[in-house]
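Counted the way my numbering counts, the sequence shown spans residues 4 to 469.
Treat each hint with caution, since some may be false.
Keeping only pairs whose Cα atoms sit at most 30 Å apart, straight-line, the calculated DSSO-like set for lysine-lysine is [unchecked claim]:
(1) LYS243 to LYS462
(2) LYS243 to LYS213
(3) LYS183 to LYS256
(4) LYS140 to LYS176
(5) LYS183 to LYS41
(6) LYS176 to LYS89
(7) LYS128 to LYS213
(8) LYS140 to LYS256
(9) LYS128 to LYS140
(10) LYS41 to LYS140
(11) LYS462 to LYS371
(12) LYS375 to LYS321
(13) LYS243 to LYS112
(14) LYS462 to LYS432
(15) LYS112 to LYS135
(16) LYS89 to LYS128
(17) LYS112 to LYS37
(18) LYS375 to LYS432
(19) LYS135 to LYS256
(20) LYS176 to LYS256
(21) LYS128 to LYS176
(22) LYS89 to LYS140
(23) LYS135 to LYS37
(24) LYS243 to LYS128
(25) LYS321 to LYS243
(26) LYS213 to LYS183
(27) LYS89 to LYS112
(28) LYS140 to LYS213
(29) LYS256 to LYS243
(30) LYS135 to LYS176
(31) LYS89 to LYS41
(32) LYS135 to LYS183
(33) LYS112 to LYS321
(34) LYS112 to LYS128
(35) LYS321 to LYS462
(36) LYS213 to LYS256
(37) LYS183 to LYS112
Just so you know, these hints were derived from the structure itself, not from any lab.
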Amino acid sequence: MSEENSSVQMDKETFDSEVRNQMRLRQLHTIIEKQDSKGLSELYDSMEPIDFALLLENLDDEELSQLTPIMDDDELAGTMEEAEDKERIRIAHALDNHRLLTAFEYMQKDDIVDMLSDFPIGRRKDVINLMKADDRKIITNLLRYPEESAGGIMTTAYIALRGDYTAEYGLEKIRAIGPKTEDIETIYVIDNTGSLVGYVDLRQILASPKSTRLSDLMDDRVISVLPETDQEDVARLVSKYDLNSIPVVSPNKHILGVVTVDDVLDVIVDEYNEDILEMAGVSKEESLDTSLGESVRLRLPWLMVNLATAFLASFTVKLFESTIEQVVALSAIMTIISGMGGNAGTQTLSILVRQLAQKDLTFRECWKPFCKELLLGLIDGASTGLVTGVIVSLMYGNAWLGVIAFIAMIGNMLVSSVFGFLVPLILEKCHADPAVSSSIFVTTATDVLGFFIFLGLAKLFLPLLM
Numbered sequence: 004m005s006e007e008n009s010s011v012q013m014d015k016e017t018f019d020s021e022v023r024n025q026m027r028l029r030q031l032h033t034i035i036e037k038q039d040s041k042g043l044s045e046l047y048d049s050m051e052p053i054d055f056a057l058l059l060e061n062l063d064d065e066e067l068s069q070l071t072p073i074m075d076d077d078e079l080a081g082t083m084e085e086a087e088d089k090e091r092i093r094i095a096h097a098l099d100n101h102r103l104l105t106a107f108e109y110m111q112k113d114d115i116v117d118m119l120s121d122f123p124i125g126r127r128k129d130v131i132n133l134m135k136a137d138d139r140k141i142i143t144n145l146l147r148y149p150e151e152s153a154g155g156i157m158t159t160a161y162i163a164l165r166g167d168y169t170a171e172y173g174l175e176k177i178r179a180i181g182p183k184t185e186d187i188e189t190i191y192v193i194d195n196t197g198s199l200v201g202y203v204d205l206r207q208i209l210a211s212p213k214s215t216r217l218s219d220l221m222d223d224r225v226i227s228v229l230p231e232t233d234q235e236d237v238a239r240l241v242s243k244y245d246l247n248s249i250p251v252v253s254p255n256k257h258i259l260g261v262v263t264v265d266d267v268l269d270v271i272v273d274e275y276n277e278d279i280l281e282m283a284g285v286s287k288e289e290s291l292d293t294s295l296g297e298s299v300r301l302r303l304p305w306l307m308v309n310l311a312t313a314f315l316a317s318f319t320v321k322l323f324e325s326t327i328e329q330v331v332a333l334s335a336i337m338t339i340i341s342g343m344g345g346n347a348g349t350q351t352l353s354i355l356v357r358q359l360a361q362k363d364l365t366f367r368e369c370w371k372p373f374c375k376e377l378l379l380g381l382i383d384g385a386s387t388g389l390v391t392g393v394i395v396s397l398m399y400g401n402a403w404l405g406v407i408a409f410i411a412m413i414g415n416m417l418v419s420s421v422f423g424f425l426v427p428l429i430l431e432k433c434h435a436d437p438a439v440s441s442s443i444f445v446t447t448a449t450d451v452l453g454f455f456i457f458l459g460l461a462k463l464f465l466p467l468l469m
């Protein structure tokens, strides 16, 4: 299929999807108006839970409060599990505490904790106090872990069997426990004290003789994390070792819960979005719905920092004011030099931030890639500088102006390589997030030093430019 035909096909699929969603939305409005619970179940069953949750985002609060009473508990639970945090809270506002608890019975504990952590403290306490004693204990324990830690994203719905169980008896236990768990493929093996000693795949149990003990089937090279482990490190381990889930254990190796691959995917997406926003000086807490005052509070400090660095670049230009007055062309050319340096610095910076986030680079092993970036800066600077120098010479009829532009471009590209590489490394060494403020330092360096190199050369060669 050609690229043009593929594009047409994608446009058609997008259009069909929009039409289908509009039809479903009209159907949902009719269901709400008629309070048709049977029609609602048919609509829900015809869609994926995530698509149904997205459809509800089109309803206002009043429509949502009219919809929830005619939803089955499992439909309500499935919708809340798939919905975004903000939408979950909207749905919860439409429910009283007893109805909410009924829906919670169909939800995984980690999703319940995610919801409760966003509740006002008063309602959170009320809901927890209404829970059964066992559920209350589990939820309370999960809530005490930091939200972005292994303990904060783990679920307690897992299968752990003793190593002295036979394959036959193990399968009986799996049949009983399996419907309540998220991951049934990985079976964790514990000893008589409850400590984690290994894991075994369900496939191995199914393919083994009935009398085989799980301890003979298990792999004791189990990879686990502590509940305080940062969620980024958890995601990195799951990705590195291609795991379906990873156990969260106490210091004495008692299993507390597991982090499943679907939660890891959410973590990866969240961390990626957070890094992209922070590189632009925007907080992950902000969205288009954020209030004006909150947006000012989140953005203005970074803009003030940028303003300070802009003045620093302006003061550098002011030092060469008399030179610029004599050769006006310099004012037009110097922005090209600084701009190209900033772009090159951002390229190096982006690669370094990604490598550091993936823990693929340490401070000790950075000298080889650093030398490579310097050589790359030299080649890029010479290539772009040659083009710039030729065009400048032809535009202003002065070959020396082109030579200055050529040398300055090489110098600023080297600056961008040095700062684009070292700034995130130094911030990482100082236990600061390189994604947050690296771009400010790199841009400042390429602007200030780019202006200084170019205008300094122009002042040095001023008689040749007149």
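Each hint tested on the structure:
1. Using a Cα cut-off of 30 Å, the hinted pair LYS243 and LYS462 is violated, with the two alpha carbons roughly 55 Å apart.
2. Between LYS243 and LYS213, the direct Cα distance comes to roughly 33 Å. Violation of the 30 Å bound is thereby established for this hinted pair.
3. Of the supplied pair hints, the one linking LYS183 and LYS256 holds, its CA atoms being roughly 23 Å apart against a limit of 30 Å.
4. The suggested pairing of LYS140 with LYS176 holds, with an alpha-carbon distance near 24 Å, which does not exceed 30 Å.
5. Distance check on the hinted pair: LYS183 and LYS41 sit about 27 Å apart at the alpha-carbon level, within 30 Å; holds.
6. With a C-alpha separation of about 38 Å, the suggested pairing of LYS176 with LYS89 is violated against the 30 Å cut-off.
7. Distance hint between LYS128 and LYS213 is unfulfilled; the C-alpha atoms sit about 48 Å from each other, more than 30 Å.
8. Of the pairs offered as hints, the one joining LYS140 and LYS256 holds, with about 20 Å between alpha carbons and a cut-off of 30 Å not exceeded.
9. This hinted pair checks out: LYS128 and LYS140 have alpha carbons roughly 13 Å apart, not beyond 30 Å.
10. Distance restraint check for LYS41 and LYS140: the Cα-Cα separation of roughly 37 Å exceeds the 30 Å cut-off, and the hinted pair is therefore not satisfied.
11. The suggested pairing of LYS462 with LYS371 is violated, with an alpha-carbon distance near 36 Å, which exceeds 30 Å.
12. In summary, the hint linking LYS375 to LYS321 is not supported, as the alpha carbons are separated by about 35 Å, beyond the 30 Å threshold.
13. Simply put, LYS243 and LYS112 have alpha-carbon atoms about 26 Å apart, close enough for the 30 Å limit, and the pair holds.
14. Distance restraint check for LYS462 and LYS432: the Cα-Cα separation of roughly 39 Å exceeds the 30 Å cut-off, and the hinted pair is therefore not satisfied.
15. About 13 Å separates the Cα atoms of LYS112 and LYS135, which keeps this hinted pair within 30 Å; it holds.
16. A hinted pair counts as satisfied when its Cα atoms are at most 30 Å apart, and LYS89 with LYS128 qualifies at roughly 20 Å.
17. The straight-line distance between the Cα atoms of LYS112 and LYS37 is roughly 34 Å, outside the 30 Å bound, and the hint therefore fails.
18. Note on LYS375 and LYS432: the hinted pairing holds, with a Cα-Cα distance of about 21 Å set against a maximum of 30 Å.
19. At most 30 Å may separate the alpha-carbon atoms for a hinted pair to count; LYS135 and LYS256 meet this at roughly 27 Å.
20. The straight-line distance between the Cα atoms of LYS176 and LYS256 is roughly 22 Å, inside the 30 Å bound, and the hint therefore holds.
21. Restraint check for LYS128 and LYS176: the C-alpha separation of about 35 Å exceeds 30 Å, so the hint is violated.
22. The hinted pair formed by LYS89 and LYS140 meets the criterion: a straight-line CA distance of about 26 Å does not exceed 30 Å.
23. Under the criterion of a C-alpha separation no larger than 30 Å, the hint pairing LYS135 with LYS37 is inconsistent with the structure, at around 36 Å.
24. Only pairs whose Cα atoms come within 30 Å are accepted, and LYS243 paired with LYS128 is rejected, the gap being roughly 39 Å.
25. A C-alpha spacing of about 52 Å is found between LYS321 and LYS243, which places the hinted pair above 30 Å, so the restraint is violated.
26. Only pairs whose Cα atoms come within 30 Å are accepted, and LYS213 paired with LYS183 is accepted, the gap being roughly 24 Å.
27. With a C-alpha separation of about 19 Å, the suggested pair LYS89 and LYS112 falls inside the 30 Å cut-off, and the hint holds.
28. Taking the CA atoms of LYS140 and LYS213, the gap is about 36 Å. The hint is violated against a cut of 30 Å.
29. Of the supplied pair hints, the one linking LYS256 and LYS243 holds, its CA atoms being roughly 22 Å apart against a limit of 30 Å.
30. At most 30 Å may separate the alpha-carbon atoms for a hinted pair to count; LYS135 and LYS176 meet this at roughly 24 Å.
31. Restraint check for LYS89 and LYS41: satisfied, since their Cα atoms lie roughly 27 Å apart, inside the 30 Å limit.
32. Between LYS135 and LYS183 the alpha-carbon distance is near 17 Å, which keeps this suggested pair within the 30 Å criterion.
33. For the given pair, LYS112 sits about 62 Å from LYS321 by alpha-carbon distance, which is inconsistent with the 30 Å threshold.
34. Restraint check for LYS112 and LYS128: satisfied, since their Cα atoms lie roughly 16 Å apart, inside the 30 Å limit.
35. The hinted pair formed by LYS321 and LYS462 meets the criterion: a straight-line CA distance of about 13 Å does not exceed 30 Å.
36. A hinted pair counts as satisfied when its Cα atoms are at most 30 Å apart, and LYS213 with LYS256 qualifies at roughly 28 Å.
37. Between LYS183 and LYS112, the direct Cα distance comes to roughly 11 Å. Compliance with the 30 Å bound is thereby established for this hinted pair.
Of the hints listed earlier, those the structure fails to meet are numbers 1, 2, 6, 7, 10, 11, 12, 14, 17, 21, 23, 24, 25, 28 and 33, in rising order.
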